[in-house]
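Please build the complete structure, drawing on both the sequences and the hints.
Residue numbers (the working numbering), protein chains in the order written: chain A, -15 to 389; chain B, -15 to 389.
Hints were generated in silico from the structure; no laboratory data involved. All figures in this text were calculated on a predicted structure; none of them were measured in a lab. Honestly, I wouldn't trust all of these hints.
Since copy identity is lost for identical chains, a pair holds within one copy or between any two.
Stated by the list, open to error - For lysine-lysine, the following BS3-like pairs were computed, each having C-alpha atoms within a straight-line distance of at most 27 Å:
#1 Lys176 with Lys22
#2 Lys323 with Lys69
#3 Lys176 with Lys79
#4 Lys358 with Lys383
There are 2 protein chains.
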Amino acid sequence: MKKPKIVIVGAGYGGLMTTVRLQKLVGVNEADIVLINKNDYHYETTWLHEASAGTLHHDRVRYDIRDVIDRSKVDFVQDTVVEIKKEEKKVILEKGEVEYDYLVIALGGEPETFGIKGLKEYAFGITNVNSSRQLREHIEYQFATYNMEEEKNDNRLVIVVGGAGFTGIEFLGELTNRIPELCHEYDVDSHKVKILCVEAAPTVLPGFDPELVNYAVSQLERKGVEFLIGTAIKECTPNGIIVAKGEEEPREIKAETVVWAAGVRGNSIIEKSGFEAMRGRVKVQPDLRVPGFDDVFIIGDSSLVINEEINRPYPPTAQIAMQQGEVVARNIAALVRGKQDLETFTFDNKGTVCSLGHDDAIGVVFGKKVTGAKASFMKKVVDNRSLYMIGGAGLVLKKGKFNVF
Amino acid sequence: MKKPKIVIVGAGYGGLMTTVRLQKLVGVNEADIVLINKNDYHYETTWLHEASAGTLHHDRVRYDIRDVIDRSKVDFVQDTVVEIKKEEKKVILEKGEVEYDYLVIALGGEPETFGIKGLKEYAFGITNVNSSRQLREHIEYQFATYNMEEEKNDNRLVIVVGGAGFTGIEFLGELTNRIPELCHEYDVDSHKVKILCVEAAPTVLPGFDPELVNYAVSQLERKGVEFLIGTAIKECTPNGIIVAKGEEEPREIKAETVVWAAGVRGNSIIEKSGFEAMRGRVKVQPDLRVPGFDDVFIIGDSSLVINEEINRPYPPTAQIAMQQGEVVARNIAALVRGKQDLETFTFDNKGTVCSLGHDDAIGVVFGKKVTGAKASFMKKVVDNRSLYMIGGAGLVLKKGKFNVF
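The structure is reproduced here in structure tokens:
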């Protein structure tokens, strides 16, 4: 009898969690496991704001996939997915193709630019290691160039962050810590630096507790951030952005650095492969399989799970992706052993912490509101926990955050 | 009786050495000492190739002027010299003017571009802290951007160094050490990186011992440098350079980074102020005064002293500038005390070491040829010695180089 082949595409939080759990649950004689990923490393998406601001080196936010998988059980293939031929049960890669009996799609999200003109061309993203280190180097180059100019271009010192959601706020927290260092290193007058956050929604951090939101806003304002709330970015140009508040006349804000930190959508491979999706996200069954395709699971940013309490989808987070990975691993193990009764996924929200720099944060943990040093400590516990869940104590020691005071 | 006022413009090797010696030689009741400098820091010009390549942080190559001068004896003014009115005995500054009884011009050199089109606009320089950190950030940004591009621009990984003199060779030594790190940090295939050195003269390091030159060339070639000798840069463009070898047809070399490391001339303030000069350098008297102006001394890169042995000017170096500073301090002390018999400057060449990275070098020290680790060690001794001469043991401990193995 032929062994079933389990293929996992994507080694983000969801895909890697599925893999490390499956390699424990399934014996080498029961199934073949193949993990496919574009890079040979996993990166901590939730730490990218630090690499982007330059407060943590970008090599600190990633680790070698081969260090956490059991290579005697999992076959790792470094390649990029081009398309999934779900009727033929195979994955088309740039350099080949792989057939599967069970497929886990954990390809991660993509930035959503809502068709705003120029964003793709001129705005920087906090999307992956490549984009984060480019953003960091771009900002440093602006500071380094400022003193070289005979006629100073003050817009080099203007940084616009589009979006006051989780990523935007966490990036602002790090950036405002980094700016005084940059000013010192590059002999730039800190009064000349301008940091703006533009958000189309009527509030910062929509969905967060208003008391915590007020705390975050006042802390960031104190560190020099100017918030333009209820203000939409209409266009991004090589020299800045065009914004409009309500029915007001659009106006230009000149800035050499524009960061787009609003909006995530599912992976474009989902639509390209013909799955029925909303903004690249597939509404999965309670067992996390795709309706009509009993051999395909989707988890993470390209999956859509409804929060029954408020009848709206859960926002895509590392926490939900990892919990999905655990359930998918158990469900696939069951299928391999011929069981048809699969486990239902329910999200167990342990809380959310939004950092405001390495020394400050806001959050709700086990139902309790926290701010300041306590919240910041909790954030590091959360960060270390995901390392522990995937790579154990060794990975925490290697890549963990211990600057807790 | 009015106290004479001694004004020193420039806090490079020569100006700072003059100042620290004068503050010991001359009592507060004998003269006022004023030191004027554009920045509030001194930088080690001879270490800039390291800051430019990114092997040493740019804050390591500078120190606060106030840390090495005796502020009870020396009045430090941070301002930029606009012109010297030698007939009126005053220095015009951007924010004011200062009269003098004795003036020491130690303003340092400027890059000489020989009128080559586009060099000023498009080439980077290893001239000061500002230019060096911009060059470093530019290179890092090219590496950071490479992986973000769908259509790869391989020219981002091409670095052209114009000039195979001291600065060019020392920069290449650091750069070739830095490239493997950059490739690792930014996931770039090191085979795609191309480093070219273009030199119009028929040899690398003209004036150096041929055996040592051969050693340097073969070491740098082994680390990936391609030398184009006897080849002139005709033009620098936003996309690279146009070169021609002898009578050959000019050809284009595409490169996103062009570094101009050839040619130093005297300071433009010299000509602007009406001193008779050759490329900004004034042929000073044996006592280092300007012919016809008994109250003005010129030292460092803007002074010209003939090496009688070969009847050619000594090349401008930190070593000669510091020795000149010592003599000028003694001569001014003599003048203040009414003596007219001044000391004659003779250059005591202790040797020259050209580094090829932190771990390799070539040199002639006390008349003996050295290469490799021994020469590299000597280079660090030289670097620490200039710290010691100006700021004593404390400055060596703070800024010295101790990575000797």
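Report task. With 27 Å as the alpha-carbon cut-off, assign the pair Lys176 and Lys79 to within, between, both or neither. Result -> For Lys176 and Lys79, the Cα distance is within 27 Å only across copies (21 Å; inside one copy 49 Å).
Report task. Please work out whether the CA atoms of Lys323 and Lys69 approach to 27 Å or closer within one copy, between two copies, in both situations, or in neither? Result -> within (25 Å within a copy, 96 Å between copies)
Query raised in the report: Given identical chains, is Lys358 near Lys383, meaning Cα to Cα at most 27 Å, within a copy, between copies, both, or neither?
Result: Classified as within; 21 Å inside a copy, 38 Å across copies.
Query - Status of Lys22 relative to Lys176 across identical chains (alpha carbons, at most 27 Å) - result: between (41 Å within a copy, 20 Å between copies)
No hint from the list above goes unmet by this structure.
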